[in-house]
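Asks: The chain contents come next:
Number of protein chains: 4
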Amino acid sequence: MAEYFPEVNKVKFEGRDSKNPLAFKFYDPDAVINGRKMKDHLRFAVAYWHTLKGTGGDMFGAGTWKRSWENAADPMQRAEDTLHAAFEFFTKLGVDYYCFHDRDIAPEGQKFSESCKNLDYIVKLAKKLQSDTGVKLLWGTANCFSNPRYAHGAGTNPDPKVFAYACAQIKHAMEATLELGGENYVFWGGREGYETLLNTNYALEQELFARFLQMAVDYKREIGFEGTLLIEPKPQEPTKHQYDFDSATVLGFLRQYGLLNEFKLNIEANHATLAGHTFQHELTVAAASGSLGSVDANTGDMLLGWDTDQFPTNIYDAVYAMMVIQQAGGFTTGGLNFDAKLRRGSVDDLDLFYGHIVAMDTFARGLIISEQIIKDGLLDEFVAKRYSGYNSGFGADIVAGKADFKAAEGFVLANEEPVPSSGRQEYLENLINSYI
Amino acid sequence: MAEYFPEVNKVKFEGRDSKNPLAFKFYDPDAVINGRKMKDHLRFAVAYWHTLKGTGGDMFGAGTWKRSWENAADPMQRAEDTLHAAFEFFTKLGVDYYCFHDRDIAPEGQKFSESCKNLDYIVKLAKKLQSDTGVKLLWGTANCFSNPRYAHGAGTNPDPKVFAYACAQIKHAMEATLELGGENYVFWGGREGYETLLNTNYALEQELFARFLQMAVDYKREIGFEGTLLIEPKPQEPTKHQYDFDSATVLGFLRQYGLLNEFKLNIEANHATLAGHTFQHELTVAAASGSLGSVDANTGDMLLGWDTDQFPTNIYDAVYAMMVIQQAGGFTTGGLNFDAKLRRGSVDDLDLFYGHIVAMDTFARGLIISEQIIKDGLLDEFVAKRYSGYNSGFGADIVAGKADFKAAEGFVLANEEPVPSSGRQEYLENLINSYI
Amino acid sequence: MAEYFPEVNKVKFEGRDSKNPLAFKFYDPDAVINGRKMKDHLRFAVAYWHTLKGTGGDMFGAGTWKRSWENAADPMQRAEDTLHAAFEFFTKLGVDYYCFHDRDIAPEGQKFSESCKNLDYIVKLAKKLQSDTGVKLLWGTANCFSNPRYAHGAGTNPDPKVFAYACAQIKHAMEATLELGGENYVFWGGREGYETLLNTNYALEQELFARFLQMAVDYKREIGFEGTLLIEPKPQEPTKHQYDFDSATVLGFLRQYGLLNEFKLNIEANHATLAGHTFQHELTVAAASGSLGSVDANTGDMLLGWDTDQFPTNIYDAVYAMMVIQQAGGFTTGGLNFDAKLRRGSVDDLDLFYGHIVAMDTFARGLIISEQIIKDGLLDEFVAKRYSGYNSGFGADIVAGKADFKAAEGFVLANEEPVPSSGRQEYLENLINSYI
Amino acid sequence: MAEYFPEVNKVKFEGRDSKNPLAFKFYDPDAVINGRKMKDHLRFAVAYWHTLKGTGGDMFGAGTWKRSWENAADPMQRAEDTLHAAFEFFTKLGVDYYCFHDRDIAPEGQKFSESCKNLDYIVKLAKKLQSDTGVKLLWGTANCFSNPRYAHGAGTNPDPKVFAYACAQIKHAMEATLELGGENYVFWGGREGYETLLNTNYALEQELFARFLQMAVDYKREIGFEGTLLIEPKPQEPTKHQYDFDSATVLGFLRQYGLLNEFKLNIEANHATLAGHTFQHELTVAAASGSLGSVDANTGDMLLGWDTDQFPTNIYDAVYAMMVIQQAGGFTTGGLNFDAKLRRGSVDDLDLFYGHIVAMDTFARGLIISEQIIKDGLLDEFVAKRYSGYNSGFGADIVAGKADFKAAEGFVLANEEPVPSSGRQEYLENLINSYI
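Protein chains in written order, with my numbering: chain A, 57 to 492; chain B, 57 to 492; chain C, 57 to 492; chain D, 57 to 492.
Chain A on its own, in the form it takes in the complex:
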């Protein structure tokens, strides 16, 4: 068997003072924090598309990455080689999970039936490699946005033939996910939206999208897939406006169509900021509805208006994210998928390791710090005290739904003018810094 990363042995935890760039300084997979192993808190996953199939191409230039697993002339051979390289990478890096689109792991054929056959073949091999290595599938999905047929959308396409095609493709991708023991199945609607309202029947497309998701729910039941269905919000790009704009929009849509209990959210940091929200905000909104499913933990550039999908290296972002995730009870079927690609100029295979190592160490620090903050309780205490007026008296009546405008007026007339207390933002930011 070819070895694709001969220059790298298994990446190990060497602790904070290590100078080895191919070691973890913070991520110690089996270290126990708050009764659970670090790896089980974090549930890291590698994204097959960027890490194995990415090319380094952008809108202004061709691919820059020369991968040894892409050398074979035959597409199916390349798919097999890639899969072997993938599992070598997962194993050497020491992640327990991966994620894929159907068309990443197996090439699209001339016809739909051939595409299915290709996928089935590769799934069989993947199953064996999973079994050999112990690496698991965090989630699978179907790529219903790259092929030109999806130019005007998949589940919201003006042409029912394309709608049907997307259904058929997802059917197979869902079966593949079930076969591989995937813990979730993800919907990212990259073309579910519009380029211009001039040619768009918005109301109909919303209806179609609901039908589409309902059909997926029905099929999930039919085949006994017990994983979680996830929707990943993104506001725009590739389309001008995508229907899954942000968490609040998706949750509202799910409520409208009675689908709230069927789907959770896969929150991506870069998509959050493109929608004008912090990553922490999107996680908080999802968690407040009990809908926080999984996370794409790449990051964006706050000064750039497109999805840069960078490896996350900012400790603050990781701390704030892990605080929300842990306070929501931690991951169940979800995990931290690095939907991240190397910068185009990071041209070596080695950079794939550097990218994942800094990301994993950053989130390991995020976990360690957030657990310390939660354990110390100073922040929670501050917040609890801030809202303590709602625990009794008229405040409690409000929460209980017993107050009305007349009672409120009576309360105001009977009391002193309220005086605002400090929100202490600067103090709290200092408190957070004291943990970093």
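By construction, these hints were calculated from the structure, which means they are not laboratory data. Any given hint might turn out to be false.
With a straight-line Cα cutoff of 35 angstroms, these simulated DSBU-like cross-link-like pairs (lysine-lysine) come out [unchecked claim]:
(1) C:109 x A:173
(2) C:109 x D:462
(3) B:68 x D:296
(4) C:148 x B:431
(5) A:109 x C:122
(6) D:183 x C:462
(7) A:462 x B:276
(8) B:184 x B:276
(9) C:462 x D:276
(10) A:458 x B:180
(11) D:296 x B:75
(12) C:109 x C:95
(13) B:296 x D:122
(14) D:192 x D:68
(15) D:192 x D:173
(16) C:68 x B:441
(17) D:431 x A:148
(18) A:183 x B:462
(19) A:95 x D:75
(20) D:462 x C:183
(21) A:184 x B:462
(22) B:431 x A:217
(23) D:296 x C:441
(24) C:296 x D:431
(25) C:75 x C:109
(26) A:66 x C:296
(27) D:122 x A:462
(28) D:68 x D:122
(29) C:148 x B:441
(30) D:122 x B:122
(31) B:183 x A:462
(32) D:431 x A:75
(33) B:75 x C:95
(34) C:441 x B:148
(35) C:431 x D:296
(36) B:148 x C:431
(37) D:441 x A:68
(38) D:93 x A:75
(39) B:95 x D:296
Please build the complex by placing chains B, C and D on the supplied structure of chain A, with the hints as guidance.
Replies: Just chains B, C and D now, kept in the frame of chain A:
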């Protein structure tokens, strides 16, 4: 009685070729378009706060506008003078409606009871002036964001005393609106949001906000106010993040708390773009839920990240907005309120007329052009044809909820690979230009 | 000879009321406005890359456009076929100019010498087709950003081998431009910038860039190329930060290195807005330094943070642009190049015509309207009056450089407190609307 | 003498593990780093306007901060009280510097002469307090943007009377700065720009601005002020477009008018990001021209489009900033001014201490970490190696200006195709994290 705008007579329609800057070139109030008078389609309203009470101040400088109605030393006298100036302005400009916050028309007193007394006094005078002039109240609202007591929110304040205060204030503002025959009552939650999640109990604040709105609904019923309750989305500013971020967020919130039938939306163009949407998008989302209530028709600067509240002068924006409004059936209780302020350097009273005239003429053109586009039907025809596949066969099955993934797969296997049709965006943009 | 656009005859001017989507409603090439033919004012050019070589691909999906001139298996045959299709398109559309990158018109070979040979061969054919049709070359340029060798820049690459390669490539592209009678040669530094300052020697890269441009100037002289050298500003994308950020940055750089008289600017509307400026602003800045060379007249989407390169259809943008261009004396060697691509879903060859037609008609209206505004003189008069205080007295002393702080203080003490006059923005926006 | 902050004693350094929120954990003023005391590296300054005169007001609400030094009815008494409070604050906080605008420290009078008299009186008192406490003036400036007279600009006003007024005002502010031993004098042109190009003579305003600055230079010489003149770039707000958009724009302007040696830049972090740049970028651009004068170290919110002027609490920002500053040789006359205001809801005087403490500790960490990075040299080594090709051979010829296009072509033909090396962004981000 003092005359506040002696240099202006009633603004008249003089037609397209008029060179008179104090005349309308397009807005001909009594001209009938599609069976309804222009003024009844457009239902223009003046915003009391910017037009009468604005100062021209900004974060970096003091007010620049010297208004003759602000000269009196006594606040109540100023309030009376302002009201007289307002009705003179409404009448000379020829608008049928105005909108106000409680604290615009009457000054806040030392105590809550004094504030109420001040408001009651001015409402009585306003009622008389409405009756004298025929000018009506499009909507009233309470300013629950300017006073320091609301620094941390009104209906989402961590302190129930402030929550109660807001309830009491809105109770009176709603009574005043009823007394003046207001056709709507508006909620704009300028401080309903957060500055930092570090000190915020997001889930509790959402609950509180729902209680708050439910209490308003209950009180509306109690006093027999039959106007429409409106929520005005805005993503941020003054707070870092506001809960009424955009239409989709507000509609999702209303669905979550069973309030969807109790509220409609007041869409503001500048708020739409701050949230990353076009004005047309926000109107479309509201209309698709039957929730398009009213419009704040000011505009923003697409390169600036704050609410510039400019008078709308862009014909495209007006055409696209009017297309959505008219196709949704036109306004019922709502209208076009100019929540717009002069540029700080537009220091003359005369500029108030110029600002409103260009705005009204722009929307009059928007109406004329959009009605022509709708009448010609070319655009509608294009869209209908684009989605015609859903009228029969498998497409109709999808819409009817009769299709499933297996049927879709069968359909795909039995048919040719779908080929995308052109979305014709460039052609359609040319079509729109041909009407301008 | 194959005909590539058999469904289209020559596009003609049919006037405002034409319903023919393949006709011009405003662009009447030989109509004379202010002593010059419309076509000579506007000097429209087609961009070879988007129009002939574009694929409809984006970062999330493959190409959607199937062009009949791309069918041949042999790259050089495809290049020839494309060139024939190009001149058929130029001729049927009725534009007088085109623009190209070296690698658009001829494919890159295995080695540099082969690339040069390919280019030379195609240039010979292009020369013949220019002569046959009368179509001219507005500008040529070298693509020094797509090939992986340029991943870290061309004239600012950390590796002098790449710097040298870019020089050699531009040498040939400049020779090709000379051979084809190109009126300008353009530098767009898509990779001249950085991804992260962590790995960047900013000061050295600035020096290198200056050397690079100086070498181009020297070579231009050496070969007797008398066209204009142009730099096209863009703030970012593909890189995180590009050195030619905007007009002011480029002009400052040229001044620093004594190159101001050697280069003019090629202003692109979409790049202007990505840099936080209006198109009109960038044109104004360039014009004020006598550096307005040429224009890329595509447009962007103000709500999207990447280069959408749409066909320009907004009449306001065209009016404001043409006002600056005409008041700066109109184009000399420059022109209006549509660096615009169809939306990915506009999949038909016919859409290429629709896109260019709406763009040309939009700028024709821009020309007609701006000439009318200039001729009427109301706007100019307003501005002249606004600054008239500088024509005499202390104002004139200031302009003449004769005033100092002490004199200013004396002037203030001797005069009344100044009172601001209205800037009349709303009035002026109404004035502009009255011309549309 | 009244004590304004009785609840606070002098803030002391207590080290990393202190739980005292009124102590420094990292800022140890007299600790020596790389041969210089921490306080002499950092040269912290308090901004008089936000800290002493801020009100907590915003565009949507009144001031929320009740300061005991603002109680006196007489404006001059308030000014004296404020000054005493200021020096008590400076001393208790332990900063060595402060900064002011003329109209912060002394109120504007009815007439220009009265304003000057007020200023002179307060300057005398400030001089005494400086002498008593050892606190020094980092810089002074004139507020030429708040008063309505400056609505259309100061040094770019269409009315020469206002231009003259600004000159006279700056004359006095410069004299006051000299009198107080100020080390710099700052120009922030908050209204030097435009609201709309429709009413603006851009070229003339640029000329006027150059005259204005030249007059300041002349007067500086005349009175023997030996401090540094600084310009502070900002792209917009309050105006739609400001002429001092960013560092590159200002440096280009200074070069155009021969003023480059007369001015340095005062870089503000929040202004950098509003212009689409990182703070580090703006510092780097300034440093590359030898023009890095001083820093306003407040921060903004990357998701908000206005100047939030928050206290800086992000360690990354501080590290990156200090790396540029230290590698440029550290501050000479400049320093780190906190042009920062508390969040509106941080209503207590105590929050003023919390805000400054977190900011000072953040920059102290920035200094400590950046000095360690510089000392270790790993980053510098990486960069030096990356560009080492320019040290010899053809690379050295390029730098020396000895290369031309023909030589470059010869070099290309004689060498192998260049292959890009990895830029190692992910590796370098991990390297930085290892220091935090």
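Asks: Work down the list of hints and note, for each, if the structure agrees.
Replies: Outcome of the hint check:
| no. | hint | verdict |
| --- | --- | --- |
| 1 | C:109 x A:173 | holds, 34 angstroms |
| 2 | C:109 x D:462 | holds, 30 angstroms |
| 3 | B:68 x D:296 | holds, 33 angstroms |
| 4 | C:148 x B:431 | holds, 33 angstroms |
| 5 | A:109 x C:122 | holds, 25 angstroms |
| 6 | D:183 x C:462 | holds, 25 angstroms |
| 7 | A:462 x B:276 | holds, 12 angstroms |
| 8 | B:184 x B:276 | holds, 24 angstroms |
| 9 | C:462 x D:276 | holds, 12 angstroms |
| 10 | A:458 x B:180 | holds, 33 angstroms |
| 11 | D:296 x B:75 | holds, 29 angstroms |
| 12 | C:109 x C:95 | holds, 25 angstroms |
| 13 | B:296 x D:122 | holds, 23 angstroms |
| 14 | D:192 x D:68 | holds, 20 angstroms |
| 15 | D:192 x D:173 | holds, 22 angstroms |
| 16 | C:68 x B:441 | holds, 28 angstroms |
| 17 | D:431 x A:148 | holds, 33 angstroms |
| 18 | A:183 x B:462 | holds, 25 angstroms |
| 19 | A:95 x D:75 | holds, 32 angstroms |
| 20 | D:462 x C:183 | holds, 25 angstroms |
| 21 | A:184 x B:462 | holds, 28 angstroms |
| 22 | B:431 x A:217 | holds, 31 angstroms |
| 23 | D:296 x C:441 | holds, 22 angstroms |
| 24 | C:296 x D:431 | holds, 28 angstroms |
| 25 | C:75 x C:109 | holds, 30 angstroms |
| 26 | A:66 x C:296 | holds, 33 angstroms |
| 27 | D:122 x A:462 | holds, 32 angstroms |
| 28 | D:68 x D:122 | holds, 26 angstroms |
| 29 | C:148 x B:441 | holds, 29 angstroms |
| 30 | D:122 x B:122 | holds, 28 angstroms |
| 31 | B:183 x A:462 | holds, 25 angstroms |
| 32 | D:431 x A:75 | holds, 16 angstroms |
| 33 | B:75 x C:95 | holds, 32 angstroms |
| 34 | C:441 x B:148 | holds, 29 angstroms |
| 35 | C:431 x D:296 | holds, 28 angstroms |
| 36 | B:148 x C:431 | holds, 33 angstroms |
| 37 | D:441 x A:68 | holds, 28 angstroms |
| 38 | D:93 x A:75 | holds, 30 angstroms |
| 39 | B:95 x D:296 | holds, 34 angstroms |
The structure shown violates none of the earlier numbered hints.
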